[in-house]
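Single-letter residue listing:
There are 2 protein chains.
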Amino acid sequence: MKVALDAMGGDFAPDVTVAGAIEAVSEYDIKVVLVGDRQRLEESLKNKRYPSERISIHHASEVVEMHEAPSAAIRRKKDSSIRRAIELVKKQEADAAVSAGHSGVAMATALFILGKLPNVDRPAIATIMPSLTGYFLLIDVGANVDCKPENLREFAYMGNAYYKAVFNAPSPRIALLSIGEEDTKGNELTKESFKLLKNADINFTGNIEGKDIFSGNADVIVCDGFIGNIVLKVSEGLAETILKMLKREISDVTTGKLGYMMIKPALRNFKKRTDYSEYGGAPLLGINGTCIISHGRSSARAIKNAVRVAADMAGKKVHETIAEALSRDAGKHPSAKEEISHAKG
Amino acid sequence: MKVALDAMGGDFAPDVTVAGAIEAVSEYDIKVVLVGDRQRLEESLKNKRYPSERISIHHASEVVEMHEAPSAAIRRKKDSSIRRAIELVKKQEADAAVSAGHSGVAMATALFILGKLPNVDRPAIATIMPSLTGYFLLIDVGANVDCKPENLREFAYMGNAYYKAVFNAPSPRIALLSIGEEDTKGNELTKESFKLLKNADINFTGNIEGKDIFSGNADVIVCDGFIGNIVLKVSEGLAETILKMLKREISDVTTGKLGYMMIKPALRNFKKRTDYSEYGGAPLLGINGTCIISHGRSSARAIKNAVRVAADMAGKKVHETIAEALSRDAGKHPSAKEEISHAKG
Chain A
39 MKVALDAMGG DFAPDVTVAG AIEAVSEYDI KVVLVGDRQR LEESLKNKRY
89 PSERISIHHA SEVVEMHEAP SAAIRRKKDS SIRRAIELVK KQEADAAVSA
139 GHSGVAMATA LFILGKLPNV DRPAIATIMP SLTGYFLLID VGANVDCKPE
189 NLREFAYMGN AYYKAVFNAP SPRIALLSIG EEDTKGNELT KESFKLLKNA
239 DINFTGNIEG KDIFSGNADV IVCDGFIGNI VLKVSEGLAE TILKMLKREI
289 SDVTTGKLGY MMIKPALRNF KKRTDYSEYG GAPLLGINGT CIISHGRSSA
339 RAIKNAVRVA ADMAGKKVHE TIAEALSRDA GKHPSAKEEI SHAKG
Chain B
39 MKVALDAMGG DFAPDVTVAG AIEAVSEYDI KVVLVGDRQR LEESLKNKRY
89 PSERISIHHA SEVVEMHEAP SAAIRRKKDS SIRRAIELVK KQEADAAVSA
139 GHSGVAMATA LFILGKLPNV DRPAIATIMP SLTGYFLLID VGANVDCKPE
189 NLREFAYMGN AYYKAVFNAP SPRIALLSIG EEDTKGNELT KESFKLLKNA
239 DINFTGNIEG KDIFSGNADV IVCDGFIGNI VLKVSEGLAE TILKMLKREI
289 SDVTTGKLGY MMIKPALRNF KKRTDYSEYG GAPLLGINGT CIISHGRSSA
339 RAIKNAVRVA ADMAGKKVHE TIAEALSRDA GKHPSAKEEI SHAKG
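Chains as they are written, first to last, in the numbering used here: chain A, 39 to 383; chain B, 39 to 383.
A portion of the hints provided could be inaccurate.
Copies of the same chain look alike in the list, so a pair counts if it fits in one copy or across any two.
Simulated crosslink set (DSBU-like; lysine-lysine; CA at most 30 angstroms straight-line) [unchecked claim]: (1) K115 to K223; (2) K282 to K202; (3) K271 to K229; (4) K186 to K271; (5) K223 to K271; (6) K154 to K129; (7) K223 to K116; (8) K285 to K295; (9) K302 to K285; (10) K271 to K236; (11) K310 to K282.
Keep in mind the hints are simulated off the structure, nothing from the lab.
As the structure is a computational prediction, the values presented were derived from the model and not from experiment.
Just chain A, with the same shape it has in the complex (with noise of 0.2 angstroms):
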């Protein structure tokens, strides 16, 4: 597997992102295109040590900014990094294609130059989560705002077929995010989805309430983009002022400071186990091709991991079994499909 790899996107970039890339090549039966500054990635790679036949560089003049907007940065830097990693894809030069950049030029681009499976309405950004017994996909988490139930039903076709592929799991238990357990709690949108979702081919375990997605209950769980983005930045800033929270008042009792040592290698433990970059990254769902857009703060070993999931993604054809899952949806349920390209006409 050949994966091109964005080596200037990302906060850390190009070091961290060459880093990452060594680790993954030193680690794995991976080879990697760096794609980005020929010059600057050469004085990157320098006096390191790796197996030099699985690192190559592939040269890109321009590098997209934070501030862009996606519509210019397609339209205006057609050498940026990025682009030319998703094309190194398209054109089979590469097998997948890793970003820490700009995640909304990073979509517009991969949707631009790879286009949507087959029975694709919106493709999906979907993350991985830590649970009280491990970890779920939390599908979608910003890519699509206002989804209609069609939408809900792709998503939960995607993420079945990415934790099968990733997690070895032979049937993925699929529940849809909502107020209450009953198929008749939630809004128009969910139950909606709630009846297309039943009848999917998919193991549906009904709704799950906010209070127990992290219980383990659900290895998927589905949602429109918008609500999906802030539980995940709420889970985040939560987890966040929690430890903040418990540090503070750690420190305000007396014997405070001396547990707080003695219980020092078990908050590691935790952030170990809680730790995004396990993953890597988020898969972008619904493209013709495998790419995976990772956190901007993103860690040499979140890179390694990125590079990595996105190999067994691409190897495992995943976004090949997503498109045959939907086609035989779309053969159950021809009036979806109508339905979907009837909104898209």
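With chain A's structure known, arrange chain B on it following the hints.
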């Protein structure tokens, strides 16, 4: 001030509700009418010490169970404790009502008996949540799952009036929950709502992202009831999960147990600071009267606080302030009012 307490509502009723009433009348200059089965309540009061002129009993022969549907409960249980409590407010024999019973039934009954305030399309449930620096109000958290922008404007006015009164804040900072700080970020509902809030007679500070809601940067956070409920429940679930995971990690390291003993007072302080029961429950805003819905698992302390806040709200005439603000707003935006009447018709 006299508060009608649904003494039969809640998981630990009536003993805990009665205990909460006793705490409230002992601590504050408030009278409480315990509404429920007279014999059972007299039993619960027996041998307790309290200023007896401040507690009275209003008999109600029925209790609404947690599994009952609001419409059926209203139709069939005309002598329920929850209904009788709210009727006392309607008849001006009490200034406010508090119930820790079935929240859906409490809301539907309050709406049915007390009615909506003029210019209110959708009453809302608000909830107080802890932040890094104090508390913020999230509105709506479940009463309205599908909203129009006009509803979010109403929620903003209601939250503003409530926060001003209960926290003695002259100009609460009102923010709109969305997926980006710029006014162009969000879904259709929030983008339209942003325009209305910008022109509303409140201290609107713009969009707030999920990651920042606990930062203390906003006093009132406005959203539709579906999102609000999910944010509330995700937060409760995540806080519990983090504490469980931390405990597990702590007990897994050698020095953990001793360290845990040493930080225990800090954990206690943390729990106290983040305790929902400090404000006793969720005010139902937009109805023609004062009504607080408490958590089913409310402790005596939570009931005491709910009674205190209910008396405070009634004394400060929060519902009249809301009516005035919305009437001024309707005068400024007659089209918005028309749109609402149209939607109702």
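Okay, the hints, checked on the actual structure:
1. K115 to K223: For K115 and K223, only the inter-copy Cα distance (24 angstroms) is at most 30 angstroms; the intra-copy one is 47 angstroms.
2. K282 to K202: between (36 angstroms within a copy, 28 angstroms between copies)
3. K271 to K229: Answer is both: 25 angstroms inside a copy and 19 angstroms across each meet the 30 angstroms cutoff.
4. K186 to K271: both (23 angstroms within a copy, 24 angstroms between copies)
5. K223 to K271: Answer is both; intra-copy 24 angstroms and inter-copy 15 angstroms each pass.
6. K154 to K129: Close inside one copy (16 angstroms), not across copies (63 angstroms); limit 30 angstroms.
7. K223 to K116: between (48 angstroms within a copy, 26 angstroms between copies)
8. K285 to K295: For K285 and K295, both the intra-copy (9 angstroms) and inter-copy (18 angstroms) Cα distances are at most 30 angstroms.
9. K302 to K285: both (11 angstroms within a copy, 12 angstroms between copies)
10. K271 to K236: So K271 and K236 pass the 30 angstroms test inside a copy (29 angstroms) and across (24 angstroms) alike.
11. K310 to K282: both (17 angstroms within a copy, 15 angstroms between copies)
In this structure, every one of the numbered hints holds.
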